[in-house]
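Engineer: Dock the two chains into a complex; use the hints.
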Amino acid sequence: MARDTLTGSRIRERRIMSGMRQADLARLAGISPSYLNLIEHNRRRIGGKLLLDIAEVLKVEPSILTEGAEATLIAALREAAAARPEAGAELDRVDEFAGRFPGWAGLLAASLRRISTLENTVETLSDRLTHDPHLAASLHEMITTVTAIRSTAGILVETREIEPEWRERFQRNINEDAQRLAESSQALVSYLDSADDAEADLNAPQDALDAFLADHDYHLEELERPGADPRALAERLPGSAARSLALPVFERLAEDARALPYADFVAATAEFGPDPVALAHRFDTDPARVMRRLAALPEADVTGPLGLVIADASGMLTFRRPVRGFPVPRFGAACPLWPLFRAFSRPQVPLRDRVVQPGTDGAAFLCHAIAQPVTPPRVNRDPVLVAHMLIVPVPGGEEAARDALPVGASCRVCPRALCDARSEPSILAEGF
Amino acid sequence: MGKHVLVIEDEPNIIEAISFILSRDGWRVDTHSNGHDAVETVHAKAPDLVILDVMLPGKSGYDILRELRADAQTQALPVLMLTARGQNKDREMAEKMGASQFMTKPFSNADVLACVRALVGAG
Numbered sequence: 000m001a002r003d004t005l006t007g008s009r010i011r012e013r014r015i016m017s018g019m020r021q022a023d024l025a026r027l028a029g030i031s032p033s034y035l036n037l038i039e040h041n042r043r044r045i046g047g048k049l050l051l052d053i054a055e056v057l058k059v060e061p062s063i064l065t066e067g068a069e070a071t072l073i074a075a076l077r078e079a080a081a082a083r084p085e086a087g088a089e090l091d092r093v094d095e096f097a098g099r100f101p102g103w104a105g106l107l108a109a110s111l112r113r114i115s116t117l118e119n120t121v122e123t124l125s126d127r128l129t130h131d132p133h134l135a136a137s138l139h140e141m142i143t144t145v146t147a148i149r150s151t152a153g154i155l156v157e158t159r160e161i162e163p164e165w166r167e168r169f170q171r172n173i174n175e176d177a178q179r180l181a182e183s184s185q186a187l188v189s190y191l192d193s194a195d196d197a198e199a200d201l202n203a204p205q206d207a208l209d210a211f212l213a214d215h216d217y218h219l220e221e222l223e224r225p226g227a228d229p230r231a232l233a234e235r236l237p238g239s240a241a242r243s244l245a246l247p248v249f250e251r252l253a254e255d256a257r258a259l260p261y262a263d264f265v266a267a268t269a270e271f272g273p274d275p276v277a278l279a280h281r282f283d284t285d286p287a288r289v290m291r292r293l294a295a296l297p298e299a300d301v302t303g304p305l306g307l308v309i310a311d312a313s314g315m316l317t318f319r320r321p322v323r324g325f326p327v328p329r330f331g332a333a334c335p336l337w338p339l340f341r342a343f344s345r346p347q348v349p350l351r352d353r354v355v356q357p358g359t360d361g362a363a364f365l366c367h368a369i370a371q372p373v374t375p376p377r378v379n380r381d382p383v384l385v386a387h388m389l390i391v392p393v394p395g396g397e398e399a400a401r402d403a404l405p406v407g408a409s410c411r412v413c414p415r416a417l418c419d420a421r422s423e424p425s426i427l428a429e430g431f
Numbered sequence: 000m001g002k003h004v005l006v007i008e009d010e011p012n013i014i015e016a017i018s019f020i021l022s023r024d025g026w027r028v029d030t031h032s033n034g035h036d037a038v039e040t041v042h043a044k045a046p047d048l049v050i051l052d053v054m055l056p057g058k059s060g061y062d063i064l065r066e067l068r069a070d071a072q073t074q075a076l077p078v079l080m081l082t083a084r085g086q087n088k089d090r091e092m093a094e095k096m097g098a099s100q101f102m103t104k105p106f107s108n109a110d111v112l113a114c115v116r117a118l119v120g121a122g
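Each protein sequence line maps, in turn, to chains F and L. Position 49 (the first sequence) corresponds to 48 in numbering that gives the first Met the number 0; numbering is contiguous. Position 38 (the second sequence) corresponds to 37 in numbering that gives the first Met the number 0; numbering is contiguous.
Looking at chain L on its own, in the form it has when it is part of the complex (with noise of 0.2 Å):
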């Protein structure tokens, strides 16, 4: 099993934090930070895992998730979705859209290592 995770959010501190969990856990990670070209640069990157946000300049999150689930090549692929919010639609929203999982902010390292690992079967 691979384990090399695209991380597409814009705040650069969550990024550099997110990053340092998992490289340390093993994980390749490569960043995105706009919403724009994320879809070309999941493709371009292939990843095992996204952890995508919802509030992305350019594009939502879940517009990009729904144009993955689109596509063949990507439609099984893990995603675990990030956002600010913690109501029920939102869970609902990204549930529809075809999230893996879905976490709401502010989250611990530990549940985002977990989370990720058990996406992959890694754990």
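Chain F extracted, bound-state conformation (with noise of 0.2 Å):
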């Protein structure tokens, strides 16, 4: 939905907001509470003098009224408030802050990623310390050689007595341990130095992937080539660990872009729209590899934007293609509500759903979700599970929002009290 056709939803928010009763605000802009009821249901376009005169008496920038503020802005915004509680941000006005200030906005948002990029390379750094085993192996052999050196030299110096045969005894295995030391020591410096990549490989592999979907809009065009080589696009990526991750979710994307032909399937949305199981049964393959297919093409292909999140059993989102207005936790659990999730309990059975998150101008969405096997059947084994939830915008503002699932990102910046699924407290006293 355009953002500029939510300018009376923006109102209505605004004016709830400061405590302000509808038929004050419609006096003290010179309109009929009913006019002023129409404009917050976007059933009446508003600009011009009584755009300015609304604006005046919310206190408000109007530029925040027509264009608001970027949804996963915001909730970028919470996040970060989430993370220092202490600061004492005031959350009651993150949206005028983003849409007054979307520059600063922007960077203190873009520095939260930072930061949660480097606290990863922390972490990354720590367990590699505590699970590398040739580091410990490497580390082990030091201390044990350091040991004996230690041991061995203390008896040479404090021993007043000591037999010449001991002494040159104890004069050899320190030589020999010596030797040993020096030996494990360039060993364990080159294998520092030489760590292919080494910086690259601290660095979370996801955000890397995620990176290289983003700047290619998620519409990766070597795959849809015959012959494509997944394994080169995946060389492109920086780490070893990052290409590592990128390479199967390439060669799925090829085998989509194989059974799924580009012409064929972008005429084939046009006359379905992007409907999973409508085409998943004209191509007689299975909703995941349609919705992926949807989610790896240009929007203008597929009648418009829409997001894709994956997830794996225990929760784990695994690929994000994220949408305006439907914000995605990029650390942490999602809101467990959202239709990917409940698809785990009814493998292979495709669900759909419209949903509202809070907070985001009120759009709702119409979430597709499905969980399917992908192991082979084996005798009393349970498969393993994964699912994928296709994100498509609803148009038609609050009225397709009614009735409409309320469902959030992640417990900890959503504001709604009484759910039965948070699992944590949220930062929001209230929704904005």
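The set of hints was computed from the structure by calculation and includes no laboratory data. Relax, there's no trap hidden among the hints.
Far from chain L, by Cβ distances over 12 Å, these chain F residues were calculated:
no.: 1; residue: I15
no.: 2; residue: S17
no.: 3; residue: I114
no.: 4; residue: P260
One side only, chain L facing chain F, incomplete, derived with CB under 10 Å:
no.: 5; residue: I17
no.: 6; residue: F106
no.: 7; residue: S107
no.: 8; residue: V111
Just so you know, even glycine gets a beta-carbon here, dropped at the ideal spot from N, CA and C.
Structural biologist: Shown next, in the form of structure tokens:
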């Protein structure tokens, strides 16, 4: 939905936020309450002097009412506030901040992402010190040798009377151990120095893959061609871990492209719309493949913007293609009410739900979800399931959102106080 | 009180140094350098105290200690654990498994001697 068609919704949000009754705002703006009601429900367009008057009464910049602020930016700012609650960020004015100072707000959100990446790097480093078997073995070898040297040297220094044969023996031992220590130190330094792409390896591989896909608008032209080489494409990612992570994703995308050829698929999408089940029937394939294919094509080819998230059974999001107005958490758990997670309880049954996120213009989204096995059937063994959820914006503003399932992005930044699925307190007392 | 120590450690030069220090202090020292049959060796040698390294080929010092503590014959045998790690979790693990004392490598000879003496009340 175009953001400027939601000016009325934003006026309503602002009015409620400032505790003003509809009748009072109408009176101060010089219009009837019923006319304001139509405006607030986006049934009358608003501009010119009336917009300026209403903005003045609500004490906001008119541009905040007409343009609002980017929902994902607001979500990022809320995450920043959640990470440092002691900073006392004015959460009730986050929309105003993002709307009035988009550059500063963007910088803050980017800084948060950078901090998260750096924290990830520190964690990876700590993990490496603890679990890298080569590093652990080298350090153990060095400490053992140092222990032998220290103990033997101590004997030579502290023992007043020591037989010549023992003295010679211990001197030889120290010499051997010193030699061993020198060799193991050099080996360790070489190992640390020569680690291929060491720095790139330390960055979160998922971040590198996400950034690569976003840079290409999630459409990898190379994989559409006959004889596509996913490995060559994966080689363009920084760091071996990111390349390993990207390879199966690219291979899967190339396979999807072969199964659902570009021209045929775009033509069918124009006929059926972004409906994974209808398209799966049309091409005799599974809905998850159709969802991935839809999310791998340029927006204009698939009748508009859409998002895709893929999760494993632990709830970890392994793929994210965000769509405006539907914030997807970058780190940590997502909202358990998403149809994505409900799909795990009904494997291979396509689910379809209209959902609405709080504080995102009240816009609705049609979510198609399915959990499918990714392993072949094995006797007495449960299959490994992976769930896909396609997120399609629904036009119609608040009207479309009526009766939609209220969901959030994640508990920490969700203002819905009475939610059965809440797993941790929200940093938001109320919705803005 | 007996003065018989069994050193279970796989690094020959450490074995040699500890053996020398303890021998000079009047202890009878036996040594063993792998984890496989360490428990059997403890039973065969019947020492007054065991110095036990954590990282051993074949079986870890923690597993050996667990077996010793599960056996009525060696349940109360003083055991000094040696490890190259000094993190709290290793100390906690050693205590949990029933180590009498825990010492982090590299150690000083004086500390080893003092600890051994204290454990068998020979100080």
